[in-house]
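Engineer: So you can see what is in the structure, the chains are spelled out below.
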Amino acid sequence: MAKKPQTEDAQLDMTPMIDVVFQLIIFFVVTLKMSAEQDETIVLEDGKHGIELTTEELPPSHLMIDVSRTGRITINDYPKGGRGYADNIGLLTQKVKERVTRYGADNVPILIRGDIDARHEYVKKAMDACTAAGVWKLSFVAVQEPKGPNWQKLYDQVQGGKRRKTPWVGQQIERHKKSGAIKPSKK
Amino acid sequence: MASKRKTMDNPKAEMTPMIDVVFQLMIFFVITIKQDDLFCKLNANRPAPGSSASSSSEEDTSIKIDVGTGGIFLNQRLMSHADFDAGIAKLAKVSKDATVLVRCTLDSPHHYLVEALDVCNKYGMYNLSIFSM
Numbered sequence: 010m011a012k013k014p015q016t017e018d019a020q021l022d023m024t025p026m027i028d029v030v031f032q033l034i035i036f037f038v039v040t041l042k043m044s045a046e047q048d049e050t051i052v053l054e055d056g057k058h059g060i061e062l063t064t065e066e067l068p069p070s071h072l073m074i075d076v077s078r079t080g081r082i083t084i085n086d087y088p089k090g091g092r093g094y095a096d097n098i099g100l101l102t103q104k105v106k107e108r109v110t111r112y113g114a115d116n117v118p119i120l121i122r123g124d125i126d127a128r129h130e131y132v133k134k135a136m137d138a139c140t141a142a143g144v145w146k147l148s149f150v151a152v153q154e155p156k157g158p159n160w161q162k163l164y165d166q167v168q169g170g171k172r173r174k175t176p177w178v179g180q181q182i183e184r185h186k187k188s189g190a191i192k193p194s195k196k
Numbered sequence: 026m027a028s029k030r031k032t033m034d035n036p037k038a039e040m041t042p043m044i045d046v047v048f049q050l051m052i053f054f055v056i057t058i059k060q061d062d063l064f065c066k067l068n069a070n071r072p073a074p075g076s077s078a079s080s081s082s083e084e085d086t087s088i089k090i091d092v093g094t095g096g097i098f099l100n101q102r103l104m105s106h107a108d109f110d111a112g113i114a115k116l117a118k119v120s121k122d123a124t125v126l127v128r129c130t131l132d133s134p135h136h137y138l139v140e141a142l143d144v145c146n147k148y149g150m151y152n153l154s155i156f157s158m
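Sequence order for the protein chains is A and B. Note that this note's numbering has the first sequence beginning at 10, numbered continuously upward. Note that this note's numbering has the second sequence beginning at 26, numbered continuously upward.
Only chain A is shown next, with the shape it has when bound in the complex:
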């Protein structure tokens, strides 16, 4: 009787698998974006024809002022609580002045990130603080290409009944549903 061939344990070569896994980790580490805190309640208006915000447009000296629909004015979601700088607009002016003194008025891009329903009087407060600090050129942040978070948030807020659905908001939601930027939430 012939000897049965001995079954040997099949050995899986792990080295190439580890190489591929490390490549994937390096990819995710490089693409992970760490961003400064912002007021997450703000929903931005569409602005397809603005200047795209790249790292060149946002040097370290830039200042992004958030204006929420309740009139809360913050920078990097600070100060916490209350209405932020809206309760003490002099502090905001001082902050802008410090930045301007350090970098020069032409080298401090000021961007105002206003909610779609924020009253102009709240935005005016932020603008007045900038002009008091000697900055006359301002920019307003808008969404060039919604990829989900901005309008999905608005849609969920409206569907969840937390927000009044104005005719304008309804039109925007319909437009973004058609473009596929938002998906209807399952009921």
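These aren't lab readings, by the way, just hints derived from the structure by calculation. Every residue, glycine too, gets a C-beta built ideally from N, C-alpha and C. Be a bit skeptical, because a hint or two may be false.
Stated by the list, open to error - To spell it out: a stretch of chain A is covered by chain B in this simulated footprint if at least three of its residues, at any positions, have a beta carbon under 8 Å from a beta carbon of chain B; those stretches are:
no., stretch
1, 98 to 108
2, 140 to 154
To be verified - Derived DMTMM-like pairs: lysine to aspartate or glutamate, alpha-carbon spacing no greater than 25 Å straight-line:
no., chain 1, residue 1, chain 2, residue 2
3, A, 89, A, 61
4, A, 146, B, 122
5, B, 89, A, 126
6, B, 121, A, 66
Chain B: place on chain A using the hints.
Structural biologist: Chain B only, in chain A's frame:
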């Protein structure tokens, strides 16, 4: 001597826990990665000190856009988005360098202002000034 040689040959590293940790890290990154909206900025100027929305030197040549609670007014006529777009397109054909005065009431919602600035940018009109009323 022979035993010393034996222990020095082919040191074996335990790969299984390392692979487990590496996969844990990958799962973390797959879960936390998310696509962000693409943002842009719309430039505008605030008036210099001493100037007002109705300064006589700019009155005849400037384009006036009024932003209120009801919508956007172009040369004092309420416009829908499409009409406003067409109106600005016509004005841009005449002169892209014309001064555009955007006058906003205090109770107007911010999205009308951004919409007005966006349409002006669309047709290459960048000489924008914002006044508050």
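Engineer: Each of the hints needs a verdict: does it hold here or not?
Structural biologist: Do the hints match the structure? See the list:
1. 98 to 108: violated (count 0)
2. 140 to 154: holds (count 11)
3. A:89 with A:61: violated (29 Å)
4. A:146 with B:122: holds (17 Å)
5. B:89 with A:126: holds (23 Å)
6. B:121 with A:66: holds (24 Å)
In this structure, the earlier hints numbered 1, 3 are contradicted, and the remaining ones agree with it.
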